[in-house]
Amino acid sequence: MKQLTRTLIGGLLAGTTGLLLAACSDSGEQGQTDRAEAKPTVTVYSARAEHLIQPIFERYTEETGVKIRFITDSAGALIQRLKAEGSNTPADLLLTVDAGNLWQASQEGLFQPIESEVLERNIPDHLQADNNDWFGLSVRARTIVYSTERVDPSELSTYEALADDKWQGRLCLRTAKKVYNQSLVATMINTLGEEATEEIVTGWVENLATDPHSNDTSAMEAVLAGQCDVTLVNTYYFGRLQKENPDVKLAIFWPNQNDRGVHINVSGAGLTKHAKQPEAAQALLEWLSSPEAQEQFAEANQEYPANSSVEPSDFVAAWGDFKADSVNVESAGRLQSDAIKLMDRAGYR
Amino acid sequence: MTHSVIQRERRRHYWQARLWHLPVWFMAVLVLMPVSVILLSWGDAQTDIWQHLIQTQLGRLLENTLILVVGVGLWTLLLGVSLAWLVAVCDFPGRRWLDWALMLPLAVPTYVVAFVFLAITDYAGPIQSLWRAWLGPDVDFLPVRGPLGVVFIMTCVLYPYVYMLARSAFIAQGRGLTDAARLLGKGPWGAFWRVALPMARPAIAVGISLALMETLADFGAVAVFNYDTFTTAIYKSWFGFFNLTAAAQLASLLLLFVALALFAEQKGRGRSRFHQTPRRETQRYALKGTQAWLASGYCTAVFVVAFVIPIGQLALWTWAEGAAALDSRYWSLIRHTFILGGVAALATTLLALLVAYGQRLLGKHQVSGAVRLASLGYALPGSVLAVGIMIGFAFIDREIINRVQSLLGLETRQLLVGTLLALILAYAIRFFSVAFGPVQSSLERIRPSYQEAAHSLGANQWRVLLWVYLPLLTPGLLTAALLVLVDTMKEMPATLLLRPFGWDTLAVRIYELTGEGQWRRAALPALTLVVLSIAPVMLMIRQSRLPARTATTLSSGPKP
Numbered sequence: 001m002k003q004l005t006r007t008l009i010g011g012l013l014a015g016t017t018g019l020l021l022a023a024c025s026d027s028g029e030q031g032q033t034d035r036a037e038a039k040p041t042v043t044v045y046s047a048r049a050e051h052l053i054q055p056i057f058e059r060y061t062e063e064t065g066v067k068i069r070f071i072t073d074s075a076g077a078l079i080q081r082l083k084a085e086g087s088n089t090p091a092d093l094l095l096t097v098d099a100g101n102l103w104q105a106s107q108e109g110l111f112q113p114i115e116s117e118v119l120e121r122n123i124p125d126h127l128q129a130d131n132n133d134w135f136g137l138s139v140r141a142r143t144i145v146y147s148t149e150r151v152d153p154s155e156l157s158t159y160e161a162l163a164d165d166k167w168q169g170r171l172c173l174r175t176a177k178k179v180y181n182q183s184l185v186a187t188m189i190n191t192l193g194e195e196a197t198e199e200i201v202t203g204w205v206e207n208l209a210t211d212p213h214s215n216d217t218s219a220m221e222a223v224l225a226g227q228c229d230v231t232l233v234n235t236y237y238f239g240r241l242q243k244e245n246p247d248v249k250l251a252i253f254w255p256n257q258n259d260r261g262v263h264i265n266v267s268g269a270g271l272t273k274h275a276k277q278p279e280a281a282q283a284l285l286e287w288l289s290s291p292e293a294q295e296q297f298a299e300a301n302q303e304y305p306a307n308s309s310v311e312p313s314d315f316v317a318a319w320g321d322f323k324a325d326s327v328n329v330e331s332a333g334r335l336q337s338d339a340i341k342l343m344d345r346a347g348y349r
Numbered sequence: 350m351t352h353s354v355i356q357r358e359r360r361r362h363y364w365q366a367r368l369w370h371l372p373v374w375f376m377a378v379l380v381l382m383p384v385s386v387i388l389l390s391w392g393d394a395q396t397d398i399w400q401h402l403i404q405t406q407l408g409r410l411l412e413n414t415l416i417l418v419v420g421v422g423l424w425t426l427l428l429g430v431s432l433a434w435l436v437a438v439c440d441f442p443g444r445r446w447l448d449w450a451l452m453l454p455l456a457v458p459t460y461v462v463a464f465v466f467l468a469i470t471d472y473a474g475p476i477q478s479l480w481r482a483w484l485g486p487d488v489d490f491l492p493v494r495g496p497l498g499v500v501f502i503m504t505c506v507l508y509p510y511v512y513m514l515a516r517s518a519f520i521a522q523g524r525g526l527t528d529a530a531r532l533l534g535k536g537p538w539g540a541f542w543r544v545a546l547p548m549a550r551p552a553i554a555v556g557i558s559l560a561l562m563e564t565l566a567d568f569g570a571v572a573v574f575n576y577d578t579f580t581t582a583i584y585k586s587w588f589g590f591f592n593l594t595a596a597a598q599l600a601s602l603l604l605l606f607v608a609l610a611l612f613a614e615q616k617g618r619g620r621s622r623f624h625q626t627p628r629r630e631t632q633r634y635a636l637k638g639t640q641a642w643l644a645s646g647y648c649t650a651v652f653v654v655a656f657v658i659p660i661g662q663l664a665l666w667t668w669a670e671g672a673a674a675l676d677s678r679y680w681s682l683i684r685h686t687f688i689l690g691g692v693a694a695l696a697t698t699l700l701a702l703l704v705a706y707g708q709r710l711l712g713k714h715q716v717s718g719a720v721r722l723a724s725l726g727y728a729l730p731g732s733v734l735a736v737g738i739m740i741g742f743a744f745i746d747r748e749i750i751n752r753v754q755s756l757l758g759l760e761t762r763q764l765l766v767g768t769l770l771a772l773i774l775a776y777a778i779r780f781f782s783v784a785f786g787p788v789q790s791s792l793e794r795i796r797p798s799y800q801e802a803a804h805s806l807g808a809n810q811w812r813v814l815l816w817v818y819l820p821l822l823t824p825g826l827l828t829a830a831l832l833v834l835v836d837t838m839k840e841m842p843a844t845l846l847l848r849p850f851g852w853d854t855l856a857v858r859i860y861e862l863t864g865e866g867q868w869r870r871a872a873l874p875a876l877t878l879v880v881l882s883i884a885p886v887m888l889m890i891r892q893s894r895l896p897a898r899t900a901t902t903l904s905s906g907p908k909p
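For the record, the sequence lines run as chains A and B.
Counting from 1, one number per residue, gives the positions in the first sequence under our numbering.
Counting from 350, one number per residue, gives the positions in the second sequence under our numbering.
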């Protein structure tokens, strides 16, 4: 027993030290091989999930020989990490979803402006930062999904109209804590003003059939099960449900077609201020905006390409054309905290 | 022996004892780093956000949090102690396998249990669909997404902490004292209330405080249920308002609650100390007839609800999704999960042992502040703690390591952030109290006379630690290491934020899939995580049967 214990403790100590040493030397070797091959390694902090970007990054490495290493986390945590690391950061690109997050990173001074004709040509103005800090790479529409069994599409018109009494007890929503809803409300504040928006959000809350759901998918499942009749979702969540079950008794409705258009947001990326490989990182970003990558990038998650010369996939195109809100998505970031406070006041959790 | 030799000896002993301040304070400073990052936030008033919080939701947040703490505290106490008593002291059909099976829910991460149960019990789930099919669409069901559901989920996952520690305590007590109480005229209940329970109180208190700290820090389950607590407010300030300062201020209030609770627990325990001499063998009370079947039924029901149902659902989903994801990348996830867990478990247990032993040598009061400080890491929401650790490490990298590097003419780069060392230290900070509890309570059970005897025979502290304490402590140490192993494998926020490039784990994969709302695809990694954790949990149970045996041989050894 004693012998065992001593061996155990000895093993522990040796194991711990060994692993730590291995981990430290690991990163060192990486740097050396990179230099030997004279191909830079681009480092990406990504808030887009691994399975959505890994295949695209792999393709880039195949084509150019440039290696990409990345870690994933939520946008807030990655922004915090960039801030804390300062000039020490190994990150060259920050890739996140939602313009609010990109705007925030830009506000914190984590990006450097990119002068690139390619990006200017590929990405429309309202999907990029005014100061060239970041560029959108895919477009996501947040729209109405309704039960085809209980709702006639002629009943639907705008986001605002969901506050109407006739939807009493028929509306399901995802939680106000999700940045997608915060951005939607922020752009509403931008167009309609704070007072009108608060009235609308209060109306939504009064119409709720049940407490807000923790994600888009479960909100749609509640519509399917008959708990409510309409909800607001990002289209790719609907796409996933439809892929699993092509006969799903739900459909997409494009609201506000007679005025500002459907609320859209982006996933996008910017070059970090202390990038170690700025040229290589910019080249990667430019490639990501190119038609070839755009198709894949958007299709991986059934989103819309940000490059307007690229058609969405057939599956996505089948949901029909729509007019999109052309307000610069940056406003979502600027007004995000106003939107959260407004939703708190309206009792939208 | 001359006078000066004696004095030199004395001085040597004195300094040897002082040396034990080192590990204690090392750990305290380690935890102090993220905590002080959080406390420093008060330098910058965030009146705007505070005003908003107070006006709109602070009342509800506090109420919700209180409901959760009281509910989970009460239920884990009831379940944990009753199950532990039945399994440790009574005999009934199925006791042998329930003994370890009841620990298994510990292997399932809270966030996983939460999304599985919500999928089963929500409006669109099978239970409510059946309910509506039988009773018509308008008959209300229990409000699963309210406090009821959250308390239920947390209790399912957290009762094993109380169960495990109470069980060990009951086993170690043996039957001797309870029998004595019964000989003196107490009934079985009287003996339980007046003797067994008070003696197990320190262990139960440790279990409850672990469960409650985890409740306060939980973000996964409350997020799935969209139930607002203090933690959700912290996250909202950070990710919504992008105001880390306000988030840190809220977190420091949470710290204050926990510090108060720990203090109260310490006071409540008072000076009571329990040194026990374990019995040679434990004869269990054999339950008969209805009693036996009630005991079996009760234990089995808890096991089925807390483990079989969620795991069954995960297995069904994994089956439906196919095992397509099981490629070579998947094996690397498993390997990383296991390596990180293992190293963290070893490092943390070692630290806990050094601190607990140091505390014993130096006397409780000398270092109690440092020890209490070191226990705070567990109570902070993972992300807040992780970001505190990262800011601290990044600061050391910038201000100390980089300066040394440039002085030496080296390329400046980070040595802490983004390395395994930082991640392991983060786990140690987070799970120190998980390891410290079992180590300390098994240390408390050892009579000081062993140590005195060894000293009188000329052994120094290191020899005493190695040859007297370690063999007696092995079960406690193993419990500690296995608990940390399981907790580390489940840990999500610190792993996400601090892992080096390429060190993805199962928890990271679960985060990526659930973050996108893809619960079903997350079933495979979740199930794998549970399977990986089962082995350590079972090992833990095996170990916890050992103290009686080892201690018996030792205490019977010195007898002439």
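One or more hints might be untrue.
[Unchecked claim] Which chain A residues face chain B? A few, computed with CB under 10 Å, are given here:
hint, residue
1, Asp73
2, Ala75
3, Ala77
4, Asn88
5, Ser147
6, Val151
7, Pro153
8, Asp211
9, Thr217
10, Ala222
11, Ser313
[What the hints assert, rightly or not] Beyond 12 Å from chain A on every Cβ pair, some chain B residues (computed):
hint, residue
12, Arg360
13, Leu371
14, Trp391
15, Arg409
16, Leu427
17, Gln632
18, Tyr634
19, Gly864
[Unchecked claim] Stretch-level coverage of chain B by chain A, calculated; a stretch enters the list once three of its residues show a Cβ under 8 Å from a Cβ in chain A:
hint, stretch
20, 374-385
21, 566-579
22, 582-588
23, 729-741
24, 873-881
Hints were generated in silico from the structure; no laboratory data involved.
Just so it is clear, CB atoms sit at the ideal spot from N, CA and C, and this is done for glycine as well.
Evaluation of the provided hints:
1. Asp73: holds, 4 Å
2. Ala75: holds, 8 Å
3. Ala77: Nearest chain B Cβ about 5 Å off; hint holds.
4. Asn88: Holds - the Cβ of Asn88 (chain A) comes within 10 Å of chain B, reaching about 5 Å at its closest.
5. Ser147: violated, 12 Å
6. Val151: Cβ of Val151 (chain A) sits 17 Å from chain B, so the hint is violated.
7. Pro153: violated, 23 Å
8. Asp211: Nearest chain B Cβ about 5 Å off; hint holds.
9. Thr217: Hint on Thr217 (chain A): holds, closest Cβ of chain B at ~4 Å, below 10 Å.
10. Ala222: Holds: closest Cβ of chain B sits about 6 Å from Ala222 (chain A), inside 10 Å.
11. Ser313: violated, 18 Å
12. Arg360: holds, 29 Å
13. Leu371: holds, 16 Å
14. Trp391: Non-interface label on Trp391 (chain B) holds, nearest chain A Cβ at 19 Å vs cutoff 12 Å.
15. Arg409: violated, 9 Å
16. Leu427: Since the minimum Cβ distance to chain A is about 28 Å, Leu427 (chain B) lies beyond 12 Å and the statement holds.
17. Gln632: At roughly 25 Å from the nearest Cβ of chain A, Gln632 (chain B) sits farther out than 12 Å, so the non-interface label holds.
18. Tyr634: holds, 31 Å
19. Gly864: Violated, because the least Cβ-Cβ distance between Gly864 (chain B) and chain A comes to about 7 Å, which does not exceed 12 Å.
20. 374-385: Contact hint for the stretch 374-385 of chain B vs chain A: violated, 0 residues under 8 Å.
21. 566-579: As far as the stretch 566-579 of chain B goes, the hint holds, because 5 residues have Cβ atoms under 8 Å from chain A.
22. 582-588: holds (count 4)
23. 729-741: holds (count 5)
24. 873-881: The restraint on the stretch 873-881 of chain B is violated, since only 0 of its residues have a Cβ under 8 Å from chain A and three are required.
Consistency with the previously given hints fails for numbers 5, 6, 7, 11, 15, 19, 20, 24, ordered from lowest to highest.
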